[in-house]
Amino acid sequence: MIHDMQPDDIVGDFKEVYLQLYNSIKRRILYTDIETPYPDGKLIVSTTDLDGNITHVNKSFVEMSGYTEEELIGAPHSILRHPDMPPAAFKDLWDTVQKGEKWQGFVKNLRKDGGFYWVKATVIPNIRKGAVVGYTSVRRKPSRKKVEECIKLYPTLF
Amino acid sequence: MSYMFTVSPDFSPDHLSGWYIFNTWLQRQTEQAIHLEILNDFTSLHSAIQKDQIDLIYANPYDAAMLVREKGFLPVAKPAGESDEAIIAVADSSDVNIVEDLKPGIRVAYTDDPDVRLMGMIMLEPADLDSDNITPVLTDSYPVVAKHLLKNEADVGIFLAEAFDDLSNLIKNQLKVLVRSQISVIHHALMIGPKFQHQREAMTELLTSMHHDEKGSSILKSLGFSAWEIVDDEETEFMIDLMDTLAT
Ligand SMILES: Cc1cc2nc3c(=O)[nH]c(=O)nc-3n(C[C@H](O)[C@H](O)[C@H](O)COP(=O)(O)O)c2cc1C
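Residue numbers (this note's numbering), protein chains in the order written: chain A, 224 to 381; chain B, 7 to 254.
No lab work stands behind these hints, which were simulated from the structure alone. Please note that a few of the clues may not be correct.
[Stated by the list, open to error] Computed cross-link-like contacts, BS3-like style, restricted to lysine-lysine with a CA-CA straight-line distance of at most 25 Å:
1) A:Lys249 / A:Lys335
2) A:Lys368 / A:Lys331
3) A:Lys352 / B:Lys153
4) A:Lys375 / A:Lys343
5) A:Lys343 / B:Lys57
6) B:Lys178 / A:Lys375
7) A:Lys325 / B:Lys77
8) A:Lys238 / A:Lys282
9) B:Lys178 / A:Lys352
10) B:Lys221 / B:Lys201
11) B:Lys109 / B:Lys178
12) A:Lys369 / A:Lys352
13) B:Lys109 / A:Lys368
14) A:Lys375 / A:Lys352
15) A:Lys314 / A:Lys325
16) A:Lys314 / A:Lys331
17) A:Lys369 / B:Lys109
18) A:Lys282 / A:Lys322
19) A:Lys352 / B:Lys57
20) A:Lys322 / A:Lys335
21) A:Lys375 / A:Lys238
22) B:Lys178 / B:Lys153
23) A:Lys375 / A:Lys322
24) A:Lys343 / A:Lys282
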């Protein structure tokens with residue numbers, strides 16, 4: 224499940240904020256300015272159920288998020304929600320995949336240690352025997368230029 | 007009646023005779039008439055699939071979506087512990103040391119292996135490169151990709167990692183690897199079509215125990231791997247979904 228972040232887990236100076244997740248749960252977020260670079264040649268993969276609870280993660284996901292696989296499976300995907308990400312981005316993600324379409328975007332993700340990493344994410348519905356059974360997100364290394372554009376754009380979307 | 011078997015045209019030429027020997031073995035073991043038809047390129051392969059001429063195929067992951075979702079194919083087995091990975095390399099003498107040093111307009115050499123090209127292009131994206139701003143240099147084989155780099159007829163090459171590793175040391179020493187993918191879940195697989203599916207279970211059983219005897223083991227060696235392993239339907243569906251996310 225999703226817990227408040229704990230100062231003991233955080234590496235470096237941090238700021239504190241409360242985020243409303245799922246329009247209900249309030250989560251205490253502790254975050255720093257430390258960026259972890261995207262690992263070359265790897266894809267970060269996760270699958271969720273229809274409600275966005277994590278059902279599968281690959282090794283790169285575990286390594287980059289800083290959580291253990293046990294902590295991730297069953298948790299809502301907003302466990303990675305960074306306060307700098309505008310809610311409109313995730314609304315667009317959900318509206319798109321719920322229509323059965325592919326969503327692509329640049330996302331700043333929050334690590335367990337308070338740091339962050341940028342990804343280019345592609346999310347698709349998993350269709351089995353004609354029915355949507357969940358969603359898969361595959362992240363790849365983003366171009367720095369695109370990330371710089373998002374750093375300028377995202378604060379204007381709140 | 008006879009069933010038609012084919013091998014995705016991206017197989018290594020060293021394994022051609024291996025596939026014929028494998029086909030003979032398979033016919034004997036299954037007591038089915040299976041004809042191996044080697045098609046020279048992906049265009050002829052895709053047209054044969056569209057005409058429903060293929061019953062059994064050692065398929066490239068890129069074609070798995072069409073085979074499974076449009077043509078009703080199912081996985082039988084895959085090479086144990088193997089996955090398709092891609093490498094981005096430049097000439098050792100090049101000034102380029104990381105992908106981000108590459109600039110729009112560069113000449114990119116690759117072959118027509120669709121999955122390798124897809125993985126390779128994704129590894130070029132961090133430099134803001136895509137099919138619209140590179141100059142493609144399409145070649146017949148990975149040794150030719152290497153040759154283009156060494157002769158400065160291309161700036162960067164996309165290789166199947168296995169084919170890169172098989173290049174001679176003399177060539178490899180003159181190349182510099184910028185990135186090697188570590189995706190692990192993209193792989194070739196033997197897939198069976200609707201007309202032949204009554205044999206699926208029996209074939210999976212035969213193939214996954216093939217490495218236990220000497221004859222089987224030596225045939226596998228001539229195909230370039232050590233054993234077949236089972237692939238379940240969901241694993242294949244997952245790979246297809248993953249390929250789908252990479253396709254744009
Ligand atoms: C397959 C999939 C992957 C997702 N990956 C992320 C992610 O990496 N980071 C993130 O913040 N949200 C991700 N989301 C969106 C979250 O479900 C959630 O909408 C978001 O974190 C915002 O939280 P909220 O909807 O509770 O406000 C993903 C959703 C799906 C369906």
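Here's how the hints hold up against the structure:
Restraint check for lysine 249 of chain A and lysine 335 of chain A: the C-alpha separation of about 17 Å stays at or below 25 Å, so the hint holds. Taken as a hint, the lysine 368 of chain A and lysine 331 of chain A pair is honoured in the structure, with Cα atoms around 14 Å apart against an allowance of 25 Å. Only pairs whose Cα atoms come within 25 Å are accepted, and lysine 352 of chain A paired with lysine 153 of chain B is rejected, the gap being roughly 47 Å. A threshold of 25 Å between alpha carbons decides the hint, and for lysine 375 of chain A with lysine 343 of chain A the separation of about 16 Å falls inside it, so the pair holds.
A C-alpha spacing of about 38 Å is found between lysine 343 of chain A and lysine 57 of chain B, which places the hinted pair above 25 Å, so the restraint is violated. For the proposed pair lysine 178 of chain B and lysine 375 of chain A, the alpha carbon gap of about 43 Å is over 25 Å, so the pair is violated. The hinted pair formed by lysine 325 of chain A and lysine 77 of chain B meets the criterion: a straight-line CA distance of about 23 Å does not exceed 25 Å. For the suggested pair lysine 238 of chain A and lysine 282 of chain A, the alpha carbons sit about 29 Å apart, so the restraint of at most 25 Å is broken.
For the given pair, lysine 178 of chain B sits about 46 Å from lysine 352 of chain A by alpha-carbon distance, which is inconsistent with the 25 Å threshold. Between the alpha carbons of lysine 221 of chain B and lysine 201 of chain B the distance comes to roughly 29 Å, so the proposed pair goes past 25 Å and is violated. For the hint linking lysine 109 of chain B to lysine 178 of chain B, the alpha-carbon distance of about 24 Å falls within 25 Å, and the restraint holds. Proposed proximity of lysine 369 of chain A and lysine 352 of chain A is contradicted: the alpha carbons are some 37 Å apart, above 25 Å.
For the given pair, lysine 109 of chain B sits about 13 Å from lysine 368 of chain A by alpha-carbon distance, which is consistent with the 25 Å threshold. For the proposed pair lysine 375 of chain A and lysine 352 of chain A, the alpha carbon gap of about 42 Å is over 25 Å, so the pair is violated. Distance check on the hinted pair: lysine 314 of chain A and lysine 325 of chain A sit about 14 Å apart at the alpha-carbon level, within 25 Å; holds. Simply put, lysine 314 of chain A and lysine 331 of chain A have alpha-carbon atoms about 15 Å apart, close enough for the 25 Å limit, and the pair holds.
As the CA atoms of lysine 369 of chain A and lysine 109 of chain B are separated by approximately 15 Å, the hinted pair is consistent with the 25 Å bound. Distance hint between lysine 282 of chain A and lysine 322 of chain A is unfulfilled; the C-alpha atoms sit about 29 Å from each other, more than 25 Å. Distance check on the hinted pair: lysine 352 of chain A and lysine 57 of chain B sit about 24 Å apart at the alpha-carbon level, within 25 Å; holds. For the proposed pair lysine 322 of chain A and lysine 335 of chain A, the alpha carbon gap of about 31 Å is over 25 Å, so the pair is violated.
The hinted pair formed by lysine 375 of chain A and lysine 238 of chain A meets the criterion: a straight-line CA distance of about 20 Å does not exceed 25 Å. A C-alpha spacing of about 11 Å is found between lysine 178 of chain B and lysine 153 of chain B, which places the hinted pair at or below 25 Å, so the restraint holds. A C-alpha spacing of about 29 Å is found between lysine 375 of chain A and lysine 322 of chain A, which places the hinted pair above 25 Å, so the restraint is violated. This hinted pair checks out: lysine 343 of chain A and lysine 282 of chain A have alpha carbons roughly 18 Å apart, not beyond 25 Å.
Checked against the numbered hints above, the structure breaks hints 3, 5, 6, 8, 9, 10, 12, 14, 18, 20 and 23 and satisfies the rest.
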